[in-house]
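*Asks:* Sequence:
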Amino acid sequence: MAQLVVRRLEEDVKARLKRRATRHGRSLEAEVREILRNASNEESLPVVRLGSRIAARFRRVGLTEDLPPLWGQRARPAGLTR
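Numbering (the working numbering), first residue to last: 1 to 82.
Please keep in mind that the hints were generated in silico from the structure rather than gathered at the bench. Please read these numbers as outputs of a predicted model, since none were measured by experiment. Treat the hints with care, since some could be wrong.
What the hints assert, rightly or not - Just the calculated beta-carbon pair ranges, DEER-fashion:
#1 G72 <-> S27: 50 to 56 Å
#2 I35 <-> A78: 48 to 54 Å
#3 R8 <-> R33: 48 to 54 Å
#4 V48 <-> L4: 27 to 33 Å
#5 R7 <-> L45: 26 to 32 Å
#6 S52 <-> A78: 45 to 51 Å
#7 R26 <-> P46: 28 to 34 Å
#8 A78 <-> V48: 41 to 47 Å
#9 S27 <-> R74: 52 to 58 Å
#10 R19 <-> D66: 45 to 51 Å
Even glycine gets a Cβ: it sits at the ideal position worked out from N, Cα and C.
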């Protein structure tokens, strides 16, 4: 097993990590291992872009056609009506 030493970690960060470990019922060391494990797993997940996430959300409520691309267009206020 590899070992990792973290130097110059702020005391308040260490205290927050300890509180987090306590909430999860783990030691500080086990909590840090879990955080690092999760962070390294996120690197292997595919990146889903914002537009794709929005399209997926609206697909469930009936969006059936593609929205036109807005690249290069100026932002303008929404036309809200009563």
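*Asks:* It remains to establish, for every hint, whether it holds in the given structure.
*Replies:* Here's how the hints hold up against the structure:
no.	hint	result
1	G72 <-> S27: 50 to 56 Å	holds (53 Å)
2	I35 <-> A78: 48 to 54 Å	violated (40 Å)
3	R8 <-> R33: 48 to 54 Å	violated (20 Å)
4	V48 <-> L4: 27 to 33 Å	holds (30 Å)
5	R7 <-> L45: 26 to 32 Å	holds (30 Å)
6	S52 <-> A78: 45 to 51 Å	violated (23 Å)
7	R26 <-> P46: 28 to 34 Å	holds (29 Å)
8	A78 <-> V48: 41 to 47 Å	violated (26 Å)
9	S27 <-> R74: 52 to 58 Å	holds (54 Å)
10	R19 <-> D66: 45 to 51 Å	holds (47 Å)
Violated hints, in rising order: 2, 3, 6, 8; the structure is consistent with all others.
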